[in-house]
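Fit chain B to the given chain A structure using the hints.
The residues making up each chain are set out below.
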Amino acid sequence: MNKKHSGALIIVPVLSIVISFLIGCIIIAALGASPIDAMQYLWKGAFGNVRNLGTTFSRATPLIFTTLCACFAYRCGVFNLGGEGQFIIGSILACYIATQAPVTGAAAIVLCVVAGAVGGGLWAAIAGLLKVYRGQNEMIITIMLNYVATLLMGVVYTNWLRDGSVPQTMAVPDETQLPSFLGLRATIAFPIAVVVGIVVFYFLFYTSSGFQLRAVGLNMTAAKVNGFNVKRYLFMSFVVSGAIAGLGGALELLGTQLRLINGFGAGYGFDGVAMALIASLHPLAGIVVAIFFAALRVGSTTMQTATGVPTSVSDIIQALVIVFSVAGMAMVKLPEFRNLFMRKERKAV
Amino acid sequence: MGSFITNLILASIRMASPLIFLSLAELYSQRAGLVNIGIEGIAAIGSLTGFMVSLISGNPLLGVLAGALAGILVNMIFAYATITLCAEQIVYGMAINIFAPALAAFAYRVYFGSGSELVQANLMVTLKGLLGIKSDSFLVNLFLDQTPMVYFAYILVIVTAVYFRRTKSGLNYKAVGEYPKAAATIGINVIGVKYLSCVICGALAGIGGAYLTTCYSKTYVDGNVAGRGFIALAAVIFGRWSSGGVLIACLFFGFCDALQIRLQLINNTLPYQFFQMIPYVATIVVLALIGAKKAGPKASGQPYRKEER
Numbered sequence: 001m002n003k004k005h006s007g008a009l010i011i012v013p014v015l016s017i018v019i020s021f022l023i024g025c026i027i028i029a030a031l032g033a034s035p036i037d038a039m040q041y042l043w044k045g046a047f048g049n050v051r052n053l054g055t056t057f058s059r060a061t062p063l064i065f066t067t068l069c070a071c072f073a074y075r076c077g078v079f080n081l082g083g084e085g086q087f088i089i090g091s092i093l094a095c096y097i098a099t100q101a102p103v104t105g106a107a108a109i110v111l112c113v114v115a116g117a118v119g120g121g122l123w124a125a126i127a128g129l130l131k132v133y134r135g136q137n138e139m140i141i142t143i144m145l146n147y148v149a150t151l152l153m154g155v156v157y158t159n160w161l162r163d164g165s166v167p168q169t170m171a172v173p174d175e176t177q178l179p180s181f182l183g184l185r186a187t188i189a190f191p192i193a194v195v196v197g198i199v200v201f202y203f204l205f206y207t208s209s210g211f212q213l214r215a216v217g218l219n220m221t222a223a224k225v226n227g228f229n230v231k232r233y234l235f236m237s238f239v240v241s242g243a244i245a246g247l248g249g250a251l252e253l254l255g256t257q258l259r260l261i262n263g264f265g266a267g268y269g270f271d272g273v274a275m276a277l278i279a280s281l282h283p284l285a286g287i288v289v290a291i292f293f294a295a296l297r298v299g300s301t302t303m304q305t306a307t308g309v310p311t312s313v314s315d316i317i318q319a320l321v322i323v324f325s326v327a328g329m330a331m332v333k334l335p336e337f338r339n340l341f342m343r344k345e346r347k348a349v
Numbered sequence: 001m002g003s004f005i006t007n008l009i010l011a012s013i014r015m016a017s018p019l020i021f022l023s024l025a026e027l028y029s030q031r032a033g034l035v036n037i038g039i040e041g042i043a044a045i046g047s048l049t050g051f052m053v054s055l056i057s058g059n060p061l062l063g064v065l066a067g068a069l070a071g072i073l074v075n076m077i078f079a080y081a082t083i084t085l086c087a088e089q090i091v092y093g094m095a096i097n098i099f100a101p102a103l104a105a106f107a108y109r110v111y112f113g114s115g116s117e118l119v120q121a122n123l124m125v126t127l128k129g130l131l132g133i134k135s136d137s138f139l140v141n142l143f144l145d146q147t148p149m150v151y152f153a154y155i156l157v158i159v160t161a162v163y164f165r166r167t168k169s170g171l172n173y174k175a176v177g178e179y180p181k182a183a184a185t186i187g188i189n190v191i192g193v194k195y196l197s198c199v200i201c202g203a204l205a206g207i208g209g210a211y212l213t214t215c216y217s218k219t220y221v222d223g224n225v226a227g228r229g230f231i232a233l234a235a236v237i238f239g240r241w242s243s244g245g246v247l248i249a250c251l252f253f254g255f256c257d258a259l260q261i262r263l264q265l266i267n268n269t270l271p272y273q274f275f276q277m278i279p280y281v282a283t284i285v286v287l288a289l290i291g292a293k294k295a296g297p298k299a300s301g302q303p304y305r306k307e308e309r
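Here the protein sequences come in this chain order: A and B.
With the numbering used here applied, the first sequence corresponds to residues 1 to 349, in that order.
With the numbering used here applied, the second sequence corresponds to residues 1 to 309, in that order.
So here's chain A without its partners, still in its complex pose (with noise of 0.2 Å):
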């Protein structure tokens, strides 16, 4: 990878991002409304006080969780479209000590994130065994994964779990809800996401694992050639990235929503993909967009109350970036694009 191409991995989401707003913008005023007002209350509705922000970092941890299992898996070539099904194991298993298991305080979130993690593992696991050793397409594997994980968590809520007449769990008690962050609305599950990021970034670039498995991900027969153990790390790249979801998935359960209920962790599976891509699959900056679309998020909330436009206009600005970014990638890469390039330059000199 040259330099001008590293360069494009920036410019590409960027420019993907400030067209989707301007389409955004246009669809706002279609709707009668003002765009630029729709801008600022989106502003101020994610940044515009401590409150908001917290809500933006609460809003942008699980986000941050799914990213990551999304980047870890995709870096070793495994397509693991299962980020929500491992999430909702692993908030599910947590559900079930912080409720059910006679401990509560710090130990009980322990066990809670530890089982979380494991079960998302797990999970993850299935399609690992399958995609390893009868070579099954891991996509649909993991996609089936999450409905029956979505499924599973219906089971719990309206039935093993069920809090009185209404289909969800009971509460985590407040023993063993995640203390708050800065005294902000985030709690210590957002730095623990960053802290996750981090690590990921320094194994992927920085350790000769994650180099052999970023190596297993750019061209499989080549690893294999060099006699890397490239089922090992197939394997252990769905594991991977299955803990980290289901460990978001616990510390989603434990910090934000405290309870099981319909919807919980809907959509954040692709929604992780999305960013990932977005973000070129490098962990940190997966960070960065995982916080921007939470914002996003937020604000269209204030946006909504103040302007009556639909928070879905959110969603809809988010798919253009995807859609736009991913095309832009690979239109950077394609030779007649780079010829015209070069010889612009070439004329500039």
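Don't read these hints as lab results, they were simulated from the structure.
Fair warning: there could be bad hints in the mix.
[Stated by the list, open to error] Here are the simulated DSS-like cross-link-like pairs (lysine-lysine), alpha carbons at most 25 Å apart as the crow flies: (1) B/K128 <-> B/K218; (2) B/K298 <-> A/K333; (3) B/K298 <-> B/K181; (4) B/K306 <-> A/K333.
Coordinates of chain B only, in the frame set by chain A:
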């Protein structure tokens, strides 16, 4: 018990139909070397468009046509990005899966507001209703109590089989998916065929989505495609990339879906979610059993660049 089984068979046929459209969509795409995992998203758009047009016009058939058109439009984004810009197909399919349902959800919110009241459209009339037949025997219900879309699905399976096996054009089409460079040297317009495949794929995926709101359920809800686009991907693998195989796979998955609904109705001890898991678990089990014998088009998933020699 007798009515349980006959109802199960009837429901299997109904539930297989949307899967047949979606699987054939994927088949046409993969036969031209394009793995499109975005059909789930395209079906969502088709589903919403079909619902809205059939609601406004009062004609479900128009809804299906509109769904096909919307599917084509969305799939043209995929086509441009993967064929012309050579974007990775899997990645772009995912992008479509995120973009298209978001668009559908947004359009629904804007048009119907965010009220919780569900708007209902007319369902397509079955052939039995059209002909005014009163009989309620099993065979009459099996062959005549189906919407025109069901017959269309089965006709499409036959047409596809004949096209790929018996016609020169079909063989040329397959050549693009097997070995595009060789196809180009004998004068086949590789890029053209790939774009054509995206038009067919988009239309069929849109129809598959529209089926859900014009023939199956009177309402549109977000996520009503419920993974059928991905099950269709599995059906293409399971069916070994032939339309006959795909049909069998779809009937099997349709049966799982029907079984799930029937079991929910007669059971009240187990939580219903366990039955809802059946189609998804069946897909995993089927894929695990058939293993990884590669039988698909050889150039599937690979970008085609003209100037590469």
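Structure-based check of each hint:
{"no.": "1", "hint": "B/K128 <-> B/K218", "in the structure": "holds, 19 Å"}
{"no.": "2", "hint": "B/K298 <-> A/K333", "in the structure": "holds, 24 Å"}
{"no.": "3", "hint": "B/K298 <-> B/K181", "in the structure": "holds, 12 Å"}
{"no.": "4", "hint": "B/K306 <-> A/K333", "in the structure": "holds, 15 Å"}
The structure meets every hint from the earlier list without exception.
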